[in-house]
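A.B. asks: Here are the chains, one letter per residue:
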Amino acid sequence: MKEKTQVADIDRSLYDFRYEENEGDFLDSGITPEIIKAISDEKNDPDWMREFRLKSLEIYSRTKMVNWGPSIEGLDVDNIVTYIRQKNRMNTDWNNVPDDIKETFEKLGIPQAERESLAGVGAQYDSELVYHNVRREVAESGVIYTDLESAIHDPKYAEIIKSHFMKLVPPTDHKFAALHGAVWSGGSFVYVPKNVHLDIPLQSYFRLNAKGAGQFEHTLIILEEGAYLHFIEGCSAPKYYEAGLHAGCVELYVGKGATLRYSTIENWSKNMYNLNTKRALVQENGRIEWVSGSFGSHVSYLYPMSILNGRGARAEFTGITFAGEGQNLDTGAKIIHNAPETSSYMNTKSISKSGGISTFRSAVVVKENAVGSKSAVNCESLMLDRISRSDTVPVMDIRTKHCDVGHEAKIGRISDEAVFYLTSRGLSEEEAKAMIVRGFADNVSKELPLEYAVEMNNLIGLEMKGSIG
Amino acid sequence: MIIMGKQKLNILPVPTYNWLGVNYAERDISEYETAAEVISAAENEEKTCLFWVDDNAASEVSIQASENSYVKLVQVFDVKGQAVSKVSAELADNGRFELVQLYLGGDVVSEIDVKLDGRKSKFDASIGYKLGDSDKLDLNLIADHKGRKTESVIAVKGVLDGDAVKTFKGTIDFKNGAVGAKGAEQEEVLLLSEQAVNKTVPLILCAEEDVEGSHGASIGRVDEKHIFYMQSRGIPEEKITELMAQSKIAQVVNKIDNEQTVKRILGRLGRGDDNE
Amino acid sequence: MPYNTFIKAAAGSERKIKMSELLKIENLTVSTEDKELLHGVSLSVGKVETHVVMGHNGAGKSTLGCTIMGSPEYTVTGGKIYFDGEDITSLSADKRAKAGIFLSFQNPIEIPGITLSEFLRNALEQVTGKRMKLWDFKKKLAAAMELLEMDKSYADRDLNVGFSGGEKKKAEILQLLILAPKLAILDETDSGLDVDAVKTVSKGIEEYRKATDGTILIITHNSKLLEGLKLDKTHVLADGRIVREGDGTLAFDILENGFEKYITEGNI
Numbered sequence: 006m007k008e009k010t011q012v013a014d015i016d017r018s019l020y021d022f023r024y025e026e027n028e029g030d031f032l033d034s035g036i037t038p039e040i041i042k043a044i045s046d047e048k049n050d051p052d053w054m055r056e057f058r059l060k061s062l063e064i065y066s067r068t069k070m071v072n073w074g075p076s077i078e079g080l081d082v083d084n085i086v087t088y089i090r091q092k093n094r095m096n097t098d099w100n101n102v103p104d105d106i107k108e109t110f111e112k113l114g115i116p117q118a119e120r121e122s123l124a125g126v127g128a129q130y131d132s133e134l135v136y137h138n139v140r141r142e143v144a145e146s147g148v149i150y151t152d153l154e155s156a157i158h159d160p161k162y163a164e165i166i167k168s169h170f171m172k173l174v175p176p177t178d179h180k181f182a183a184l185h186g187a188v189w190s191g192g193s194f195v196y197v198p199k200n201v202h203l204d205i206p207l208q209s210y211f212r213l214n215a216k217g218a219g220q221f222e223h224t225l226i227i228l229e230e231g232a233y234l235h236f237i238e239g240c241s242a243p244k245y246y247e248a249g250l251h252a253g254c255v256e257l258y259v260g261k262g263a264t265l266r267y268s269t270i271e272n273w274s275k276n277m278y279n280l281n282t283k284r285a286l287v288q289e290n291g292r293i294e295w296v297s298g299s300f301g302s303h304v305s306y307l308y309p310m311s312i313l314n315g316r317g318a319r320a321e322f323t324g325i326t327f328a329g330e331g332q333n334l335d336t337g338a339k340i341i342h343n344a345p346e347t348s349s350y351m352n353t354k355s356i357s358k359s360g361g362i363s364t365f366r367s368a369v370v371v372k373e374n375a376v377g378s379k380s381a382v383n384c385e386s387l388m389l390d391r392i393s394r395s396d397t398v399p400v401m402d403i404r405t406k407h408c409d410v411g412h413e414a415k416i417g418r419i420s421d422e423a424v425f426y427l428t429s430r431g432l433s434e435e436e437a438k439a440m441i442v443r444g445f446a447d448n449v450s451k452e453l454p455l456e457y458a459v460e461m462n463n464l465i466g467l468e469m470k471g472s473i474g
Numbered sequence: 019m020i021i022m023g024k025q026k027l028n029i030l031p032v033p034t035y036n037w038l039g040v041n042y043a044e045r046d047i048s049e050y051e052t053a054a055e056v057i058s059a060a061e062n063e064e065k066t067c068l069f070w071v072d073d074n075a076a077s078e079v080s081i082q083a084s085e086n087s088y089v090k091l092v093q094v095f096d097v098k099g100q101a102v103s104k105v106s107a108e109l110a111d112n113g114r115f116e117l118v119q120l121y122l123g124g125d126v127v128s129e130i131d132v133k134l135d136g137r138k139s140k141f142d143a144s145i146g147y148k149l150g151d152s153d154k155l156d157l158n159l160i161a162d163h164k165g166r167k168t169e170s171v172i173a174v175k176g177v178l179d180g181d182a183v184k185t186f187k188g189t190i191d192f193k194n195g196a197v198g199a200k201g202a203e204q205e206e207v208l209l210l211s212e213q214a215v216n217k218t219v220p221l222i223l224c225a226e227e228d229v230e231g232s233h234g235a236s237i238g239r240v241d242e243k244h245i246f247y248m249q250s251r252g253i254p255e256e257k258i259t260e261l262m263a264q265s266k267i268a269q270v271v272n273k274i275d276n277e278q279t280v281k282r283i284l285g286r287l288g289r290g291d292d293n294e
Numbered sequence: 197m198p199y200n201t202f203i204k205a206a207a208g209s210e211r212k213i214k215m216s217e218l219l220k221i222e223n224l225t226v227s228t229e230d231k232e233l234l235h236g237v238s239l240s241v242g243k244v245e246t247h248v249v250m251g252h253n254g255a256g257k258s259t260l261g262c263t264i265m266g267s268p269e270y271t272v273t274g275g276k277i278y279f280d281g282e283d284i285t286s287l288s289a290d291k292r293a294k295a296g297i298f299l300s301f302q303n304p305i306e307i308p309g310i311t312l313s314e315f316l317r318n319a320l321e322q323v324t325g326k327r328m329k330l331w332d333f334k335k336k337l338a339a340a341m342e343l344l345e346m347d348k349s350y351a352d353r354d355l356n357v358g359f360s361g362g363e364k365k366k367a368e369i370l371q372l373l374i375l376a377p378k379l380a381i382l383d384e385t386d387s388g389l390d391v392d393a394v395k396t397v398s399k400g401i402e403e404y405r406k407a408t409d410g411t412i413l414i415i416t417h418n419s420k421l422l423e424g425l426k427l428d429k430t431h432v433l434a435d436g437r438i439v440r441e442g443d444g445t446l447a448f449d450i451l452e453n454g455f456e457k458y459i460t461e462g463n464i
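Chains as they are written, first to last, in the numbering used here: chain A, 6 to 474; chain B, 19 to 294; chain C, 197 to 464.
No wet-lab data here; the hints were simulated from the structure. Yeah, the Cβ is synthetic: ideal placement off N, Cα and C, and Gly gets one too. One or more of the hints may lead you astray.
[To be verified] The following label-pair restraints were derived from C-beta to C-beta distances: (1) 44/B with 144/A: 52 to 60 Å; (2) 328/C with 277/B: 20 to 28 Å; (3) 434/A with 390/C: 43 to 51 Å; (4) 390/C with 277/B: 35 to 43 Å; (5) 277/B with 325/C: 48 to 56 Å; (6) 343/C with 260/B: 30 to 38 Å; (7) 253/C with 171/B: 31 to 39 Å; (8) 241/B with 423/C: 32 to 40 Å; (9) 288/B with 325/C: 22 to 30 Å; (10) 457/C with 243/B: 34 to 42 Å; (11) 24/B with 168/A: 24 to 32 Å; (12) 406/C with 288/B: 37 to 45 Å; (13) 46/B with 202/A: 29 to 37 Å.
Next up, chain A with everything else stripped away, as it sits in the complex (with noise of 0.2 Å):
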């Protein structure tokens, strides 16, 4: 593959601000280098590869915490780092996975191989019949979809992963994108040639040989000109992993003309940490759509960022997230127009039950240079309770005078006289309130291809019942 790296072309400019993340406290967490060079040692990574990981550590051990956000001081860093040392190893056992994350199970229907999975016990699920079709037809399109790991391995796409591998998100970016470089392991890589359009959606659920757990896996997708695909991440069954910390990674290169869409839902169980960075470069005419359910987890960091490098390229994002009780969930999405006639999209909403604290934090950075863009952002958010909160963010930072920025946001309640008319027509006041949310998130479902869409509409069923472990 004759790439040249194509974030030589990324002002710089753009990365300088991580330097300035440095008010918040440092964390101490005993990762030290022999652990490290262990993990290197296990996944027999190539020489730049350990290099790569020596010198995130240090940057990690320099970094300072955000000192805005969510707290992240119940995070068990010791206990992070006793994970890391058994390397990975899934040790969990059946019994020890708490009983709400069962019943959950249970309630969504589950199989009782996959849940034995997505508990952290035992093999990754790999559903056998459907997976193989999944993967001739991929094979036949010209897909490459594969493990990262083996892939780093691989002559045929060991130089295009280097060049490609956290330049988007280079270990500098903040503290656990650092601690990220370090530790990752596990997590995907997908190439699409020119002008290959996958008409199937990728599910990173349906992987090769699932290596490594899935709290620090990164994933790697690259389309070249003109290429369409559609990638789905994670599922609405809550995910659980005793270590607590999901600090993963997820860099997009889109090329000329392609159009990629990222669809997420993301229900970690309600003891993690997530701290995941996303990041999509798109180039001329090229397209991302991020289409985003956040469900689960106790902290979430999430701030997918578009930065559209190319003149004519369109960054849309769609997103949905659910706080419920002990949750806080700082999310929202970045993005930089950097180049002329590019163009912008946020739709999100937001709600808040039970104590939950939902924060809508978004940047809209207009260059100099992105003459002619235009960008629409709109946000919503819906209060249940009296007991939770919702804060809404945005910053627009506007270098030139030929551009289109508009920006809404309305927060509410549920309307009584909505309630009242659906409980005219026979529905009990709690299905009301959850048809009515369900009704609220259709930004989201109605882009999602249909299983997910029931799944995520179940999801919210279940959290306005308030029995999701």
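For this one, chain A is given, so just place chains B and C on it according to the hints.
C.D. replies: Quick look at chains B and C alone, frame taken from chain A:
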């Protein structure tokens, strides 16, 4: 009240990504001339005050609106150098506070902190700015809703030219207990030059279920549809931009009842008598 | 403008535009981003004539009106528009207004911050090249408003802001009277008006015609406005094409009996 050295002013109630540079503004006000005013309206009283703010001022105005009272504060910031301003208000039951501010230039850091403590208290803000070369404005407005059925309406309109830099932070904060409260904020920014920098940070913070909050912002050029309509009546594009820029300020100036002040403002804006 | 004008069209072909033709549309195709809306429309309107374009909702009537005015929403993908002998196909809307075209919009937009009076005074200055003295202008405006039975207070209200549908339409006709263009295109001007308002608007249109010998193109799908007007020609538009043309009686036939006859006939 005056601390030596640089201070952090205009602190954003909920900080965000540091790289955006909007969490606070820094200023050393030790050289400034301070002026502190207290405007107190007794029960059922109505008061209107007008201030013309000059260079090197550190102006602090505290408003106390007792039950059923009405206070209107008009401030025109005619600054070429630097200035700092703070307006704080406490509104009792049914207290109403109307604020009109016009920024005509300079390097200004301005904070407005309104506590809608009393039931059914109301806050109405009309703020306009016309900034050109070397002008800077950092504006931090907070409408703090504590009382039931409180209402805030915030309209900010402005024009940026030259290499002006403007940051508007507008927070509507619904505290728990502000049942039935409503807050609406709207900003319209017309950008006239290549170098102007605009930062808009409209926050809504909410800890109460029964509220209605909204904010909107529209930034950039004149709406295409507006352009077409005006062109269809023969007005060329450059003139349209000029008219729309004037109209943004006009909407705020219209709220100033004082004829003399209006004349003075129009004079400053270079729009003399129209009756030729 | 000189009456004896022959225009040479581009690319070496010669066309004669009749001196009495004020508006000539030749094979116009118009599209938006998604699709083509007008497929080769041709029509011409003579000076001092009154024409009507009729068709169902969605036939392309408003598209035609807006395209003649130069709306950026629509792109001319083929054909030409001539006004008073000049090819205006690529002119911007303000230049078309200065040339003498006026469009009374179906849904006039609200523009806060500028009063009706201020706006009109500026527009008049642009179109005539002279700035009228404030006092004189106010008199002129008041007279027109009285004719249209509009309350004086509208002059100082922000342009169309908070106006009811009917008031917006009246405000459009007010602008027509003040700006006195050569061609007035009226897009569904009577929709949303009650009986009295229609009468008043008709009065306004009549006044315009008398005062300026104006040419009128009425776009409508069902118009009470047509009664009492001397119609010179009717054009029936269906699915982006002119399917039938006739004199004034055609319009009244359609008002009485509907479109079906003409649409099916024309769509061969």
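A.B. asks: Would you mind marking each hint as holding or not holding in the structure?
C.D. replies: Evaluation of the provided hints:
1. Checked against the hint of 52 to 60 Å, the C-beta distance between residue 44/B and residue 144/A comes to roughly 59 Å, which is consistent with it.
2. Distance hint check for residue 328/C and residue 277/B: the Cβ-Cβ separation is about 25 Å, which falls inside the suggested range of 20 to 28 Å.
3. A C-beta distance of roughly 44 Å is found between residue 434/A and residue 390/C, which places it inside the suggested range of 43 to 51 Å.
4. The hinted range of 35 to 43 Å is satisfied by residue 390/C and residue 277/B, whose Cβ atoms lie roughly 40 Å apart.
5. Range check, residue 277/B to residue 325/C: Cβ separation about 33 Å, and the 48 to 56 Å hint is violated.
6. Look at residue 343/C against residue 260/B: about 31 Å separates their beta carbons, and that is inside 30 to 38 Å.
7. At about 38 Å, the beta-carbon gap between residue 253/C and residue 171/B stays in the expected band of 31 to 39 Å.
8. The hinted window of 32 to 40 Å between residue 241/B and residue 423/C holds, with their beta carbons roughly 37 Å apart.
9. Hint check: residue 288/B to residue 325/C, Cβ distance near 23 Å, so the stated range 22 to 30 Å holds.
10. As the Cβ distance of residue 457/C to residue 243/B is approximately 37 Å, the hint placing it in 34 to 42 Å holds.
11. Evaluation of the 24 to 32 Å hint for residue 24/B and residue 168/A yields a failure: the beta carbon distance comes to about 44 Å.
12. Roughly 42 Å separates the CB atoms of residue 406/C and residue 288/B, a value that falls within the hinted 37 to 45 Å.
13. For the hinted restraint 29 to 37 Å between residue 46/B and residue 202/A, the CB-CB distance of approximately 60 Å leaves it violated.
Of the numbered hints given earlier, the model fails hints 5, 11, 13; all others are met.
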